[in-house]
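K.L.:
Each chain is listed here by its residues.
2 protein chains.
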Amino acid sequence: MNLPTNLSGQPGFGQARVVIEHVSPELDGGQFPIKAIPGDVVAVEADIFADGHDYITAVLLYKHTDEAVWTEMTMVLLNNDRWGASFVAEKQGRYIYTLEAWIDHPASWQHEIHLKVADGQRITSELLAGATYLDKMVERAGGRVIEEPPTRAKGKIKKKTDHSEEPPDAKALREMAALFRAGSAAANDDSYNEAVSVAESDQFTFYANRYPERNYPTRYAHELGVEVDRPRAGFSTWYCLFPRSASQDEGTGGVPVHGTFRDVEALLPRISGMGFDVLYLPPIHPIGLAHRKGKNNSVICQPGDPGVPYGIGSDEGGHDAIHAELGTVEEFKHLIAIASNYGMEIAMDLAIQCSPDHPWAKDHPEWFKKRPDGTIQYAENPPKKYQDIYPVYFETEDWKNLWEELKRVLLVWGSWGVRIIRVDNPHTKPFAFWEWIIAEVKKEFPDMLFLAEAFTKPKVMQQLAKGGFAHSYTYFTWRNTKADLQEYMEELTKGEMKSYFRPNFWPTTHDINPYSLQSGHEPQFLIRYFLAATLSSNYGIYGPSFELMEHVPFPNKEEYLNSEKYEVRRWDWDKTNRLTYLISLVNRIRHENTALQTTNNLTFCSVSDDAIMAYLKIAGNNRLLIIVNTDAYQRRAGIVQVPIWQLGIDPDQPYEVHDLLTEAYYTWKRADNYVELDPYVLPMHLFRIQI
Amino acid sequence: MNLPTNLSGQPGFGQARVVIEHVSPELDGGQFPIKAIPGDVVAVEADIFADGHDYITAVLLYKHTDEAVWTEMTMVLLNNDRWGASFVAEKQGRYIYTLEAWIDHPASWQHEIHLKVADGQRITSELLAGATYLDKMVERAGGRVIEEPPTRAKGKIKKKTDHSEEPPDAKALREMAALFRAGSAAANDDSYNEAVSVAESDQFTFYANRYPERNYPTRYAHELGVEVDRPRAGFSTWYCLFPRSASQDEGTGGVPVHGTFRDVEALLPRISGMGFDVLYLPPIHPIGLAHRKGKNNSVICQPGDPGVPYGIGSDEGGHDAIHAELGTVEEFKHLIAIASNYGMEIAMDLAIQCSPDHPWAKDHPEWFKKRPDGTIQYAENPPKKYQDIYPVYFETEDWKNLWEELKRVLLVWGSWGVRIIRVDNPHTKPFAFWEWIIAEVKKEFPDMLFLAEAFTKPKVMQQLAKGGFAHSYTYFTWRNTKADLQEYMEELTKGEMKSYFRPNFWPTTHDINPYSLQSGHEPQFLIRYFLAATLSSNYGIYGPSFELMEHVPFPNKEEYLNSEKYEVRRWDWDKTNRLTYLISLVNRIRHENTALQTTNNLTFCSVSDDAIMAYLKIAGNNRLLIIVNTDAYQRRAGIVQVPIWQLGIDPDQPYEVHDLLTEAYYTWKRADNYVELDPYVLPMHLFRIQI
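These protein sequence lines map, in sequence, to chains A and B.
First residue of the first sequence? That's 8 in my numbering, and the numbers climb one at a time after it.
First residue of the second sequence? That's 8 in my numbering, and the numbers climb one at a time after it.
Keep in mind that the hints were calculated from the coordinates and are not lab data.
Careful: at least some of the hints might be erroneous.
Note that the list lumps identical chains together, so a pair holds whenever it fits in one copy or between two copies.
Stated by the list, open to error - Derived pair list, reagent style DSSO-like, types lysine-lysine, alpha-carbon separation capped at 27 angstroms: (1) 377 <-> 123; (2) 414 <-> 449; (3) 392 <-> 572; (4) 392 <-> 123; (5) 376 <-> 143; (6) 98 <-> 449; (7) 466 <-> 501; (8) 377 <-> 143; (9) 302 <-> 572; (10) 391 <-> 123.
Given these sequences and hints, build the entire structure.
P.N.:
Pasting the structure below:
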C-alpha cells in the first residue's frame, strides 16, 4: 500500500467520514485557554459535516482537569452544518473540551423508514437491518444477544448466553429486535404493522441515542482550554493608594508625615464603605539611593526626598523585602488580615526592574545588560535616560535562574497572603515568561489574579491576556466620544477578545492624568467615572487623587504635577463631594444588580443624539438601561430606542423605568422614548426596567 | 527547574521574544494547501510583534518541494504589527512557505543612535557597542575578527588570524569596527564625527541587513503549502457532449445513429473553432443490462434502448474498459491525440458507482453494502430507488483495496493520455479518499486536474476543494439577480475561498435544465452565457443542447425532457444562431484579453439600476469594463460609476471605451456615465478601457 504516512496505524482512517472544523471558541489553534469564572456557560460551536446524506451525531466532551472521565453533551444542528452545545464551567481551575462526531446509521435508517413508509413501501428487509442495529445496542446496554464465537483455546463451543440478569434496557432492546424480526417474517399485517410502528417510534430514537453506534468517530484534533478564575476575576472594584501618603496626620511645616501600613488600616473603613474590594498599592519595597529622583522626577534629589517606589531595591533588600518606613512584613500581613475583615484584598505591584542598589545588581550582574565598558546599562527611552533604574535583561543566558528567582519572589508574596498582583509594564518582558510564571504561581496559589498594566499596541495587549493575565488595562482612558466608546466596547465584548481579555477600566491612574480631565470640570469626572463603573464589571480609580478631582498636569504631559510617585502627599481623607457620593452610590448599585457584575452582556441602543449613549445590561431578570450624556458641557436631548422586542415588552403596554440614582420612576411606552440630560444637573440615568 | 514540558531541549525558549500568528493565507492551520498556477504571486501576511520596543526583522521563507534550501524574502511592516511579503510560484508542483522573525539588535541600536545624536548626546560608549555588532557581522561575512581562544588540546595559543584572503565585505566590516573603536577613543572630534557619521549611515544599515544577527529567532509553527497546477487550471473553456450523440449521420426512420469516437473527431474543428479547449465526455464505459433504464429514466427498457452511461459496467468490463459501440481504447487514444492537435484536451467522467453487471459486483461484493438477505443494496434516495445502480460502500472493511483499485483505474486513464477528470457526485464519497487519490494520481501525472461535480451544501463543496479538486461546480446556475450574483461573486473572489476554490461556471449541464432557462427566451440564454464566460475564467457549456437553446423540461423538474442520458440524440451540428455567434466571439475575446483569464481580479461598480451589473476585470494594462443587463425582458438604463481613481484616469480628461462585442467606441468622461441595454438588441457591453 502506498498510502499517506498519516494513515499508518489508523485502520479506520478511510472510514471516518465526518469533518469537524472552525470550532469556537478556540484561540490560536488551542494554544491558549479562554477565560471564565465559576458558573459561566461555555457555548461551543463547530462546523460538522460529512460526505453523503447520512445523519450525524456530534458530542461536546468536557472535563475539569481534576476529573478522569469526559462528560458528554449532545450537540444540536443550528443551521448550515453549524452545530452547538454548551457546558457550565462550575469549578475554579482548568477545563478542557473537544468534540467528537460520527455517522449515525440508526438515525439515518429511521429517517429512511419514515420516507419509505410514507411512500407506501413495504419495509420487511429494512426491519431486519433495524434488528441488526438493535442487536448492537443490546451489547452496549450491557446485555449480550450475539452468540459468542467458539473459544478455540478450549476447543469447545460456549453455551448459549444467559439473559436472566441483564439490565432492563438490554432486555427491552432484545425484545424490540425480536419484534422487528417477527414483523419482517410475519404473514399477518398486525405483527408487521406493530414492528413498523415501533421502528418509527420515539422509543427507538431514545434507545438509539442512549446507546449510540459510534462507527469510526472523528475526534477534533485539539483539546481546548477554559481557565476558570475565582469570581473576583469577573467582578471587582479597585482603589489605588500610595501607603506612604496614607497618614491622616497633618504634619508640621507643610512636610507630610510618611504613611505606614497602620495608616492604611485606618483608611479601610472609609474605602470599603465606599464599596471597593481591592486595594492596590504601588511597590512597597526598599527604595534605592543611587541616582534617586527628586520631586517631579527631578534628577536632583533633595535631602529627605523619599525616592520613587519603582526604583526598587537597596541594602535593605529587593522585591521580597518591605520598605522599612511603611512597616514590617508582619505589619503588612496584618494589613492583609484586617482588609480581609472588610471584605477587601490587597493587590501588590510587580515592577521587574531594579535600583542600582538592588541585591540582584551585585549578586546577579548577568541578569542585566552590560555596556562595552562592563558597567550595567541603565534604562533609556532615547533620548530620555533613567539612571536610577536597571531594566532586567531577559535575553540573558542565565534566564532560567532569573525566571526562578522571580517565581520565588511571587511565592513569597503569596505566602504573605497576597492573591492579586498588578504587573507594571508587562509588555516589556517576554510573553513566554508571563505564560510560564503565571501558570507556575497558580499551581501554588490557584486564587492568584494578575492585572496587566500594558498601554501599548493592540496585539501586544491581546497576547498578554492570552498568556494568562486575568485582567488588562485598556484604552478606555482615551475613549471619550460616544462613537469611540461604542466602537471600542464592541471590540471588547463582541469579537474574539470577549473570550480571553477581561478589561479593567480606569478613568485615571497614578501614571496617567488624561487631557480630557485636566480641565478639572466636575461633570466630566462624573461621566468618566460612571462610564468606567457601568461599562466594565472590573474597574478602578486612582483613589484620593481622583476623588478630589486632582487635575493640574505636569506641563504638556498626561501626568500629574507633584505626583506622589516622587514625594509623599497628604490627602484630605475627610472630604466628600458629588463625585464621592456618586462613587458610593454606584458601587452599591453594582453590588445589588447582577447585570453590572459581568462585562460582555452589553447591548447599545440607538439614540438620536450623537453624544447621548444608551446601553442595556441584562442578567436574568435584572434589566438595566443606562443612559449617559458624554458631552460634559451641554444639555443634550434625544430619542432612545429601547429594544422592547428583545426585552419581551408588549408594544401596547406601558412599562416603568426606575432610576436607581435618583429614585425617580418614569412610565414609558413602546420603543422610542425621550430623554434629556444636563451635565450640570446629572448627566446620566441608571434605569432598572420594571417588567 | 520546574518548567513547562515544552521548554526542555529548547535552550532559547526563554529568549525568543517574537510572536508570529494569524498568517494568511493559511487553510485550517496548514492542513490544506492554497492553489496557484505558475507565475501567480503568493502574498503572505502575518501579525508579528514582540515585547518591548526593539526593532524586528521578519522573513518569508519559501521553496518548491524540489528544492533543498529555502529562499528568503524580507517582510515589510504594513501597519499595526501586520507584516507582508510575497513570492512568485513559478513552477508547477508544491511550494511550502513559513515565516521567521527575530529581534534586530543592530537596527534597534542604530535607531537609538539617531535619537541620541539628534539630542546632542555624545555616543562614545554606543560606538563600542556598535563595533561589537560589526565584529559579529565580520564573522557572518566569512571573515574572522575575533581571536581564536587557546587550543587546549595542543597546549599552545594559536597565532593571530590571517586576514589576507577574507571576503571584501568582511574586510569592509572589520575596518568599520576599527573606525567605531577609534572614534570612541578619539580625543579629536574629526575621528569621532566620522565614526558617528558611518554609524548613522545607510552603509551600516545595508551591512546589518545583509549579515543579520538572528538572535533566538521565532519560526512559525506551521509550514504552509501552495499547490501549483498547470496553467489550464486557471483558464479553461469546456464543452460537454455525449459521444454517442456525436454522429452527423441523419439515420433512418427517426432512429439516430449511435456515435463513435471517430464522430467526435469530426466535430473537433467546429468545437475548437468556437474557442473551446476542454472536451468533456460523460462516462464512456460499458453500460450494464440489469435493470437498465429506458427513455426519460423509465423503469421499462425497450429493446434498443442504449441505457445510462452512469450505469457503469457489464460483462465487457468496468471503469477501465471502453463501451464497444463508441470504439476501442486505441480509438479513444486516437481521439485524444487528434484533439491535442486542435489544442484541446479530453476530460473523462469519474462516477464511482456500478451497474449490477460490473465486474466488481462479482469479484468484490464486500465493496458494496449488503441487505440482511445478503443481496447487494442498490442506490436509494428514499422514496426513490435506483435498481440499476450499486453505490460503492466506502465504509467497507476492505477500503484499502477499494482505494487502490480506484487509483489503478485512474492511472489507466492517465496512461491513455487523459489529464482532466470530472468527478460525478464526489460529495457522496469520503473527503479523505479524495485527498488521498488526487495526491496519489498527481504523483504519477502531475498535470492531472479534477473537477468536482458537487451541488450540495457550501461547507461540503469547500472541503472537497480544499482536499485537492482543481475546479468546482458552483451555485452560479441558480444565481440570477444582480444582487445574488454580486453577493456570490464576493464570496468566491474576496473571502477565504479565493485561495483554494476555483469556480467553473456552467449555465446548464446535462443534469440541470434550470427554471430560469426553461422559457427558451433567447436574451436569457445570451445573458446567462455571457455572465458565465466573463465572471469566471473557467466555464463550460453543455454543448449542443445549450447552443440550440434546448429548454423543454421533464415536467416540474430542472431536467431535460428526452435527455440524452437515457437515449441517443441527434443534434444539428450545422446550426448557428446569435448565441453560437456570441460564444465564438466571447471565447476569442477571452483568449485575447488576459483580464478574462483569471477570476479573482473582479471589482463591481456601482450602477443606479438594480438589474444592470457592471464589473471591472483588470490584468496589467488589460482593463475591461463589463456591463450586463440581467433583466432579459426589459430595456434598462442607468448611470455606471467607473472607479477612475482606481484606474488612474484624470477626472478632467476624456477616455475612450471600446466595445469588443460591437466594435463601437464611446468617449466617456469622469466616473459617472450613462448606459442603456435592450435585451432584444444586445444586453451587454464588453468594454476595453483605452488608457
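K.L.:
Now, for every hint given, state plainly whether the structure supports it.
P.N.:
Here is what the structure says about each hint:
1. For a Cα distance limit of 27 angstroms, the shortest separation of residue 377 from residue 123 across copies, 18 angstroms, qualifies, whereas the shortest one inside one copy, 83 angstroms, does not.
2. Taking the shortest alpha-carbon separations for residue 414 and residue 449, only the intra-copy value of 11 angstroms comes in at or below 27 angstroms, while the best inter-copy value is 54 angstroms.
3. In the homo-oligomer, the alpha carbons of residue 392 and residue 572 lie at most 27 angstroms apart inside one protomer (17 angstroms), although the nearest pairing across protomers, at 84 angstroms, exceeds that limit.
4. In the homo-oligomer, the alpha carbons of residue 392 and residue 123 lie at most 27 angstroms apart only across protomers (10 angstroms), although the nearest pairing inside one protomer, at 84 angstroms, exceeds that limit.
5. In the homo-oligomer, the alpha carbons of residue 376 and residue 143 lie at most 27 angstroms apart only across protomers (18 angstroms), although the nearest pairing inside one protomer, at 69 angstroms, exceeds that limit.
6. For the homomeric pair residue 98 and residue 449, the shortest alpha-carbon distance inside one copy (15 angstroms) is at most 27 angstroms, but the shortest distance between copies (52 angstroms) is not.
7. For the homomeric pair residue 466 and residue 501, the shortest alpha-carbon distances inside one copy (17 angstroms) and between copies (24 angstroms) are both at most 27 angstroms.
8. Proximity of residue 377 and residue 143 under a CA criterion of 27 angstroms is satisfied inter-copy only: 17 angstroms between copies versus 72 angstroms inside one chain copy.
9. With identical chains, the CA atoms of residue 302 and residue 572 are at most 27 angstroms apart within one copy only, with a shortest distance of 8 angstroms there and 93 angstroms across copies.
10. Within a single copy, residue 391 and residue 123 get their C-alpha atoms only as close as 83 angstroms, which misses the 27 angstroms cut-off; across copies the closest is 9 angstroms, which meets it.
The structure fails none of the hints (numbered hints given earlier).
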